[in-house]
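Asker: So you can see what is in the structure, the chains are spelled out below.
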Amino acid sequence: MIGLSDLTVVLGGHTVLYDVSLAAGPGELVALCGPNGAGKSTLLRALAGLLPDTPTRDPRRVAWLEQGARSTWGLTVEQVATLGRIPHRDRAAAPVTRALQVCGIDMLRSARVDRISGGEARRAMLARAFATEPDVFLLDEPTADLDPAASHAIMRLLRTTADIGRTVIVVLHAIELALRYAHRIVVLRNGRVVADLPPDQVLPAAAAVFGLPIGIDPSPRLLPPC
Amino acid sequence: MIRWLVMLLAVLIPISLLTGDATLALPDNLIFWQLRVPRTMLGLLIGGGLGLSGAVLQGALRNPLADPGLLGITGSAGLGAVIAFYWGFAAEFPPTLLAGGLMGAGIGAAFLLAFAGRAPSGPSLILAGVAVSAIASALLALALALAPNPFALTEITYWLMGGLADRPLSQVEMAGPVILLGGVILLKLGRGLDALSLGEDAARSLGIPVAATLRMAAIGTTCAAGAGAAVAGSIGFIGLVVPHLLRPWVGERPGALLPAAALAGGALLLAADILVRLAPLMLPLSTAPPVGVLTALLGAPFLVAIARRSVP
Amino acid sequence: MSDAGQGTIWRCLLCGLLVLVPVLHGQAADRVVSLNLCTDQMLVLLAPEKIIALSPLAKDPSLSFVAHEAERFPSVRASAEAVLRLRPDLILAAPYGAQATLAVLQQEHIPIVRISLPQNLAGIRRMTRDIARTLDVTARGDMQLERMDAELAEVPHRDRVVRALVWEPRGFTAGPGTLMHALLRAAGLSNMSDGRRIGLEALLRRPPDLLVVPTTPAYPSLATTILQHPALAGIPQREIPPAMTICAGPFSAQAVALLAQ
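Taken in sequence, the protein lines are chains A, B and C.
Per the numbering used here, residue 1 is the first one in the first sequence, and the count goes up by one each step.
Per the numbering used here, residue 1 is the first one in the second sequence, and the count goes up by one each step.
Per the numbering used here, residue 1 is the first one in the third sequence, and the count goes up by one each step.
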């Protein structure tokens, strides 16, 4: 179980989140959607305890993956995944290997992350989160840069992860992925939660947020990115 | 790699003990204990401290150009030592020199890390280091102009080139423990530096106390590089070059670099110092030039090469 | 090069310079400015009543043998404007240093005597007589030289060879042809140096019988810390104040006496 209630965040004089509450329990895959600047990433950071005055989390229980995460140095895929063991203060090989396997990057384990494709590097970063073996995953756009097949593979992995009892909160770029895989979709606009509903009920709110006339068939292909 | 570096040191240390100013003869007892031993120990300690400081600074600041010299830490150590020497009581009480050097280095390092917290981008950090260096050298010129010794400027010009020659054993006893203490502090930062390679937020989310890690990096660098600068002047580029030489061999993980960087820094400075001592045999020189001249001559082109590769 | 040969060259130089100031042959100057530490000292010794100003270094006891006496005279920096304001009718200077200033002063038709600094005792005698003649105080010059010769005559004779080395910060030594070499010889010591720099290690490899080092100055000095190196503890050291040896003059005899002790 992870959550925040009545959170207001002011960054650099701008109020980024107004009075936001969000909670997610074990077994849930929650997608955060909304236009650019809606406050999705800020909310995820707040959940991770990275903003001032937000409760700090046990790093062994909560893994956070930032948007466009990259490494300064040319670490190998395996070294990146092993960073996920830092909260446990070990370098256990078994969870790292499992993480590399579930993220489908095992065959590149000795390759340097700065010499593989953007999508492969993203999966290496995701493997870092899995290597921690946390209860809660906070993932900021883990499918960016991935082709559709790879995106669906990652989302299936996240759904399975939720279904075996973990909590997954994910900021998503593509709403069709959210509609298809999430248990709940939280729609943010201008720092406020405008909807927090299951996929089959969220469309009217999402349509309003994105300025689509109600009644149009929101086929995933026509929807703008959320 | 560690094994190779230890073997390299096992070769270099006897060579250093057997190499004199322009001679290869076996030294007598006095020369061996009073000159060669302190010089070899200082080379190992100062080189190791600089190599380790460079590796830690590059990791902590996530910048391949970070180096205690380029970032002005050794420069401000020199300033502190000079002020302590000409204005303090270093002549009566030698540790003043060390204390002055450490204080100068500490101020320089604290300023840089505070700045790095605000503007982590590579070029701006290096510019901040250039600013620290410029302020340190301007204040140095001012301190020397006001110094009671009319030859202070000449003396310092020579001292700032950095050298290991003719330092008595008492200076090793003074600076050695401080450098070792700094080394111990820095070697413990490996896990934090690994986490920092993903950025400060990611490191924090992995449970690393980022502010404390940067603070320990500043304190450790101050001890490891500042104490050396107080004794031997500014020996440049060891901290910059060593991590880059090691990465192809030990990989880029910052934590893995640390022990190797300490050994390789000691080996590099020792080798440079041996070369400098042999220089009068090969070149028309009457005495050996300061080793800082050689490290700067070799290091500067290296800096250009790294800068071309890493600054976008 | 022999002392005599050097002396000839030096004498020609001085004569050539004196030709530049023919006015001096008529009447002696009364208002004299010295712009060099060494000419400062000669001026103080020979004609203090004619001094308008000395260089600022003349008052530094670590550099000037007559610092105490120089205390009561004004100082002037080597700047054409400052010197012109004093309206000197003679300027004493060295062949090096402040040459731009001297060129300006020469254009203003102020007589300038550039004194070459002697590197041996014969040269000191000639210089003293020549400056005394220029300042029209020949008798005082002779008196100074008589005192110098008396002091030199008292230097004891040595039976055995003592190898001495003048060793200055950063390993500089005084080889043949230098004033220090002449002073060592006059003190009955043999000079080990060939004029090249000698590092601490080379020095310890072939230690001299006597190490002649500059007196540690009163102010902190990085360069002289090497003289406190414990490895030097076994070698007899003789400290000699730089004020005695930077410039040559009749007082050089006292440096000889100090070395000969």
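Do not rely on the hints blindly, as some may be mistaken.
From chain B, some residues computed to sit far from chain C (all C-beta separations above 12 Å) [what the hints assert, rightly or not]:
{"no.": "1", "residue": "L30"}
{"no.": "2", "residue": "P177"}
{"no.": "3", "residue": "A271"}
Some but not every residue of chain A turned toward chain B, in silico, with C-beta under 7 Å [said to hold, decoys possible]:
{"no.": "4", "residue": "P59"}
{"no.": "5", "residue": "W64"}
{"no.": "6", "residue": "L75"}
{"no.": "7", "residue": "P87"}
{"no.": "8", "residue": "H88"}
{"no.": "9", "residue": "D90"}
{"no.": "10", "residue": "P204"}
With beta-carbon atoms standing in for the labels, derived distance ranges [as the list claims (entries may be wrong)]:
{"no.": "11", "chain 1": "B", "residue 1": "A134", "chain 2": "A", "residue 2": "G68", "range": "45 to 53 Å"}
{"no.": "12", "chain 1": "A", "residue 1": "G27", "chain 2": "B", "residue 2": "A131", "range": "25 to 33 Å"}
{"no.": "13", "chain 1": "A", "residue 1": "G68", "chain 2": "B", "residue 2": "L153", "range": "46 to 54 Å"}
{"no.": "14", "chain 1": "B", "residue 1": "F302", "chain 2": "A", "residue 2": "S41", "range": "33 to 41 Å"}
{"no.": "15", "chain 1": "C", "residue 1": "Q228", "chain 2": "B", "residue 2": "W4", "range": "36 to 44 Å"}
{"no.": "16", "chain 1": "C", "residue 1": "G175", "chain 2": "A", "residue 2": "G74", "range": "54 to 62 Å"}
{"no.": "17", "chain 1": "A", "residue 1": "T15", "chain 2": "B", "residue 2": "L181", "range": "43 to 51 Å"}
{"no.": "18", "chain 1": "C", "residue 1": "G234", "chain 2": "B", "residue 2": "R3", "range": "41 to 49 Å"}
Calculated directly from the structure, the hints in this document are not laboratory data.
Think of the CB as a built atom: it goes at the ideal place given N, C-alpha and C, for glycine as much as any other residue.
Asker: Hints first: check each against the structure and report whether it holds.
Answerer: Structure-based check of each hint:
| no. | hint | verdict |
| --- | --- | --- |
| 1 | L30 | violated (6 Å) |
| 2 | P177 | holds (19 Å) |
| 3 | A271 | holds (19 Å) |
| 4 | P59 | holds (3 Å) |
| 5 | W64 | holds (4 Å) |
| 6 | L75 | holds (6 Å) |
| 7 | P87 | holds (5 Å) |
| 8 | H88 | violated (9 Å) |
| 9 | D90 | violated (11 Å) |
| 10 | P204 | violated (35 Å) |
| 11 | A134/B with G68/A: 45 to 53 Å | violated (35 Å) |
| 12 | G27/A with A131/B: 25 to 33 Å | violated (54 Å) |
| 13 | G68/A with L153/B: 46 to 54 Å | holds (52 Å) |
| 14 | F302/B with S41/A: 33 to 41 Å | holds (39 Å) |
| 15 | Q228/C with W4/B: 36 to 44 Å | holds (40 Å) |
| 16 | G175/C with G74/A: 54 to 62 Å | holds (58 Å) |
| 17 | T15/A with L181/B: 43 to 51 Å | holds (47 Å) |
| 18 | G234/C with R3/B: 41 to 49 Å | holds (42 Å) |
This entry does not satisfy hints 1, 8, 9, 10, 11, 12, going by the numbered hints stated previously.
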